[in-house]
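Line by line, the protein sequences give chains A and B.
Quick note on my numbering: the first sequence kicks off at 1 and runs consecutively.
Quick note on my numbering: the second sequence kicks off at 1 and runs consecutively.
Rather than coming from a laboratory, the hints here were simulated on the basis of the structure.
All values reported here derive from a predicted model rather than from experimental measurement.
Where is the CB? At the ideal position from N, CA and C, for every residue including glycine.
Hints should not be assumed to be uniformly reliable.
Claimed, not checked - Cβ pair distances, simulated, as ranges:
#1 B:E128 to A:P108: 46 to 52 Å
#2 A:N39 to B:G201: 28 to 34 Å
#3 A:D60 to B:S271: 38 to 44 Å
#4 A:E90 to B:V173: 32 to 38 Å
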Amino acid sequence: MEPALEILRLTRQFGARRAVDELELRVERGEIFGFLGPNGAGKTTTIRCVLGLARPTSGDIRIFGRSVISERTAALAGVGSLVEGPALYEGLTALDHLRAAARYVGTPVSESQIAEALGSVGLGDRGADRASTFSRGMKQRLALATALLGEPRLLILDEPTDGLDPIGTVEIRKLLKSLKNRGATVFLSSHLLSEVEATCDRIALLDRGKLRACGSVAEVKGNQSLEEFFLGVVAGGIA
Amino acid sequence: MSVGLFEAFGAELFRLRRRRSSWIALAATAAVGFLLALAPKVAEQAMAVAQQVGATGGGGGGTISGFVYLASGLKGAAVLTGFFVALAAATSTAGEAAHGTLRLALARPVQRHHIFLSKALALGVYLEILLLAGGLAALAGAALVGDFEAIAKFGLVKSTVTDMVWRSLFALVLCELSLLGVLGLSMLAGVALSGVGAALGTTLGFLVVSTMATIGVESLRPYFFSSFATSAFETLRAFGLGIDAPRPVWFGNPTLQDWADVTFSMTLPASCAFLFFLLAGVHFCRKDWLT
Numbered sequence: 001m002e003p004a005l006e007i008l009r010l011t012r013q014f015g016a017r018r019a020v021d022e023l024e025l026r027v028e029r030g031e032i033f034g035f036l037g038p039n040g041a042g043k044t045t046t047i048r049c050v051l052g053l054a055r056p057t058s059g060d061i062r063i064f065g066r067s068v069i070s071e072r073t074a075a076l077a078g079v080g081s082l083v084e085g086p087a088l089y090e091g092l093t094a095l096d097h098l099r100a101a102a103r104y105v106g107t108p109v110s111e112s113q114i115a116e117a118l119g120s121v122g123l124g125d126r127g128a129d130r131a132s133t134f135s136r137g138m139k140q141r142l143a144l145a146t147a148l149l150g151e152p153r154l155l156i157l158d159e160p161t162d163g164l165d166p167i168g169t170v171e172i173r174k175l176l177k178s179l180k181n182r183g184a185t186v187f188l189s190s191h192l193l194s195e196v197e198a199t200c201d202r203i204a205l206l207d208r209g210k211l212r213a214c215g216s217v218a219e220v221k222g223n224q225s226l227e228e229f230f231l232g233v234v235a236g237g238i239a
Numbered sequence: 001m002s003v004g005l006f007e008a009f010g011a012e013l014f015r016l017r018r019r020r021s022s023w024i025a026l027a028a029t030a031a032v033g034f035l036l037a038l039a040p041k042v043a044e045q046a047m048a049v050a051q052q053v054g055a056t057g058g059g060g061g062g063t064i065s066g067f068v069y070l071a072s073g074l075k076g077a078a079v080l081t082g083f084f085v086a087l088a089a090a091t092s093t094a095g096e097a098a099h100g101t102l103r104l105a106l107a108r109p110v111q112r113h114h115i116f117l118s119k120a121l122a123l124g125v126y127l128e129i130l131l132l133a134g135g136l137a138a139l140a141g142a143a144l145v146g147d148f149e150a151i152a153k154f155g156l157v158k159s160t161v162t163d164m165v166w167r168s169l170f171a172l173v174l175c176e177l178s179l180l181g182v183l184g185l186s187m188l189a190g191v192a193l194s195g196v197g198a199a200l201g202t203t204l205g206f207l208v209v210s211t212m213a214t215i216g217v218e219s220l221r222p223y224f225f226s227s228f229a230t231s232a233f234e235t236l237r238a239f240g241l242g243i244d245a246p247r248p249v250w251f252g253n254p255t256l257q258d259w260a261d262v263t264f265s266m267t268l269p270a271s272c273a274f275l276f277f278l279l280a281g282v283h284f285c286r287k288d289w290l291t
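Next comes chain B alone, as it looks inside the complex:
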C-alpha cells in the first residue's frame, strides 16, 4: 500500500504546525504588519505627501486614508513572509537532506513527485497563513489610525471604497504570486544545493540583486517577479493618497493601465513561480539522494 499525495501533504502540514519556528514566524509577521501600519514615520511621510497633493480620505478634514496605512503594513508583512517562506522552503529541502530526515519519506512507499508536491502545497498554505495573519494585523492597525472611506482630492472623489477594496485585493494577489516565485526559487535552490545556508543565501541573494536592478533601472521593474511583492502596495498607497494612478506609478510602467496590462502583470510572476516549481520538481524527482 503506497502513500498518496493527501497523506504526504498531511505529514508536511503536521510538521509545520508542530515546529516552534512556524509559530514564531506567524507572530512576527502579524506584529510587523500591525506596527508598520501604525509606524509614526510612515504616517508623517504620508501626511507630508498628502499636504503636497491636497488629497484627503474619509470625506475631507485632512485625514489620511486607512488604505495608505494598510498598504504600509501589508508591504512589511509581505517582505517578512517572503523571508520566512524562503527559510521554510530551504529547511524543508536542503535542511532535511542534510539532516537525513528526507530519507524518512524517500525510503518509504511514496512517489517522489508526491513528496515534492506535498512540500510545495504545505509551504504554499504556510505562505497564505503568514500573509493572512500579516494582512489582518495590518488591517487592524490601519483601522486604528485611518478611515476606510472614499479618496477625495480637491473636493472630487478620485476612488470609491469599492475601487480601493478591489485594488487592495489585486495587490494582494500580485504579492502572493510573487511570493510563490520566492517559494519556488527557494525550493529549487534547496534541491540543487547542500545546506540551508547555501539555499537561503542563494535565494535572498537573487532577490536582493534583482531588487537592486529594478531600483537602478526603473523600466526593468515590471520584468522581475520579486518587484511585485511590494510594488503592488506602493501603487495601492499612491491610490490611497489620491495620486493620479495608474499611469505614472502602476509598477513603474505607464502602459499598465487596462485589463490586458493587468493580465500581463499577473502572468509574469505566475510564470516565474511555475518555472521555478517545475525545475525544482524535476530535479527533486531525478536526483540521487546520497546524503
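Next up, chain A with everything else stripped away, as it sits in the complex:
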C-alpha cells in the first residue's frame, strides 16, 4: 500500500540558495508525523511544495501514490491543510467562511458536517460571529476547522497550536489523536517540542534544507530529551 505522503529527492532553490536540499521522507498512513526544524530550515517551503503552492526545482511528491506535480488535483483530493497562520475570509461569519471554503473541498459537505467541524474546535456557539471579531486563538481554531472540512485523509498542519492557550493546545492534541483513531494521517510541523513528543508517532528534523534525523521519537532522541537532541543537531549541524 502506498504511503500517505512520500517526498522524493525534493529540492527547491531560491536563486543560489537551496531552501530544501534533496529531501526524502515517507509518512505512513494513519500516523502522526512531526516535522521539526529551526526557523528558516525549509519546513514551510516543503509544505508549500507538498500542497502544490510552489513548484519544486527538482524531485517529486506523492500523496497516496499520486504525484502533486503531474496529478495535482487528484493528489490534493482528501488533503486538508493549515499553513502559516489562519487564512480566513474575515468579512464573513465563521459559518459562512466554512461554507465558502467547503465549496473547494471536492466532496459535498453538508451543513451538519460544517457545524460538526466548528464544534470540534470549540467554536460551536460562535458560528454567527464575523471572523474579523475573533481573537488570534479563535482564528487559529477556525482555520483548523477549515482544514477538517471534507474529513481529509491527510492533514497537513503548520504550527496548529500557534496562538492557542494551554486549554486550546490540549484540545487540539486530543483532536489530532481522535483523527488518527479514525484513520487520518497527520503531518505536523511545530516548534513546540513537548507538543510533538506528546503527539507524534515519528518525527523528522530538518536543518538548512537537509534532513538531519528521521524515526520514532524514542529512536531519534536516544537517551537525551528531545530539546537537547534538537539543540545539539541545530547547533552542531549533524546528528
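Model the placement of chain B on the given structure of chain A, informed by the hints.
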C-alpha cells in the same frame, strides 16, 4: 474528486454576495446613476447647449430629451462601476494572496485555471450587476425629468426613439467592453503585484494617465480602451441634443460612422480586455504562490 469550474464560480459568487462591500458598491452605483441623471448642473448645461443649437426633445416646447439625462447618469455609474470592479479584482487576487485566503482554493483539488476563470467570471457578473443597477437608476432619474421621445431640431426629426434606444444599448456595450478591460487590467496587476493598494493604484494610475493622454491628444481617443467607458455616453448625449453626430463627435474620430467603424470601435476595447485576461490568467497559473 476535483472541483470544477462551476463549483469554483459558485464559491466566488457566494463570497461576493456575502460581503458588505459588494452591497455598499451596489447602492453607491445606483445612487450616483440616479443623482447624476437628476443633477441640476447637468440639466442647466444641457439646457444651455439645447438653446444654442435649437434642439428639442419630446416633440418641441424646449424640453430636453430624457436620453441626455440618461447619458449623464450612465456616465457617472460607469465611472463608479469601473472603480468598484477594479477594487474587487485587486481584493480577489492580490488581497487574497496577502491574507492567505487564496491558499484555501490553491491547496485544494481545483485546477488553477478554474480558480482564475471562476474569479474572472464572478467579477464579470459583479460588473454587470453594478452597471445594471446604475443603468436602471439612471433611467428612473431620467424618466423623472425628461421625455423619451424623438429628437427634433428646427422642426425636423433628427433621431427616432428606436434610433436612440439602439444607440443607448450600443454605448452600454462599448462601456461594458471597456470596463472588462479595467477588470482584466486590475486582475493582471493583482496577480503580478503584492497588496491591494499596489494593484489598485497601478490600475487607477494607468487609467488616469491614459485618460489624460486622450484629453491632451484628441486623435488618440479611439485607441485607448479606457476612453470607451464614458465617451460612448458623451456621444449618446450629443445625439440626445440633436447635434449632428456621428461625424464630429463619434469617439473623437470623424471616420467612425459606418458599421465597419462600429466594429472597429468594439474590437479595440474587447481586444484589450482579452489581452489583459490572457496575461493575468497565464501568470496566475504559472506563479509560485509563496505568500
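### Task
Kindly confirm whether 32 to 38 Å is satisfied by the beta carbon distance between E90 of chain A and V173 of chain B.
Since E90 of chain A and V173 of chain B have Cβ atoms about 37 Å apart, the given range 32 to 38 Å holds.
### Task
Look at the Cβ atoms of N39 of chain A and G201 of chain B and judge whether their distance stays inside 28 to 34 Å.
Since N39 of chain A and G201 of chain B have Cβ atoms about 33 Å apart, the given range 28 to 34 Å holds.
### Query
At the C-beta level, are D60 of chain A and S271 of chain B separated by a distance inside 38 to 44 Å?
About 41 Å separates the Cβ atoms of D60 of chain A and S271 of chain B, which means 38 to 44 Å holds.
### Query
So the hint says 46 to 52 Å: do the beta-carbon atoms of E128 of chain B and P108 of chain A match that?
The hinted range 46 to 52 Å is violated for E128 of chain B and P108 of chain A, with Cβ atoms some 29 Å apart.
Consistency with the previously given hints fails for number 1 only.
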